[in-house]
Amino acid sequence: RKFENVYFGWGHKYSPENYSPSSAPPVQAEYASGPDITEVDDPTVEEEQALRAALEERLAAAEEAEEEEEEEEEEDDDDN
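According to UniProt numbering, the sequence shown is numbered sequentially starting from 1.
Some hints here could point you the wrong way.
[Said to hold, decoys possible] Distance ranges between label pairs, derived from CB positions: (1) Gly11 / Thr38: 48 to 56 angstroms; (2) Ser22 / Lys2: 51 to 59 angstroms; (3) Ala65 / Pro25: 54 to 62 angstroms; (4) Glu73 / Ala29: 56 to 64 angstroms; (5) Asp76 / Val45: 44 to 52 angstroms.
Keep in mind that the hints were calculated from the coordinates and are not lab data.
Ideal placement from N, C-alpha and C gives every residue a C-beta, glycine not left out.
Kindly produce the complete structure, drawing on both the sequences and the hints.
Okay, here's the thing in structure tokens:
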């Protein structure tokens, strides 16, 4: 068998006052609920597919606009 003792006190055999440890620090407050830490429901498959389609359309439109700008720049360079 193994025994251990823990002693909290002043090291005196007798003290007319009882030992009273200091109180614990106050409990920390929880984070305030906000959009950064609030959980949201996962999107459905249909919502994911709609988002992907919208992103692909945006990318395609951006690429077309970029190509048109390059063509205009080439035409301007040819005119000079």
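Going down the list of hints, with the structure as the test:
1. As the Cβ distance of Gly11 to Thr38 is approximately 52 angstroms, the hint placing it in 48 to 56 angstroms holds.
2. The supplied range of 51 to 59 angstroms is broken by Ser22 and Lys2, whose beta-carbon atoms lie about 31 angstroms from each other.
3. Between Ala65 and Pro25 the C-beta distance comes to about 59 angstroms, which sits within the given range of 54 to 62 angstroms.
4. Between Glu73 and Ala29 the C-beta distance comes to about 58 angstroms, which sits within the given range of 56 to 64 angstroms.
5. In this structure the supplied range 44 to 52 angstroms holds for Asp76 paired with Val45, their Cβ-Cβ distance being about 47 angstroms.
Taken one by one, the earlier hints fail for this structure only at number 2.
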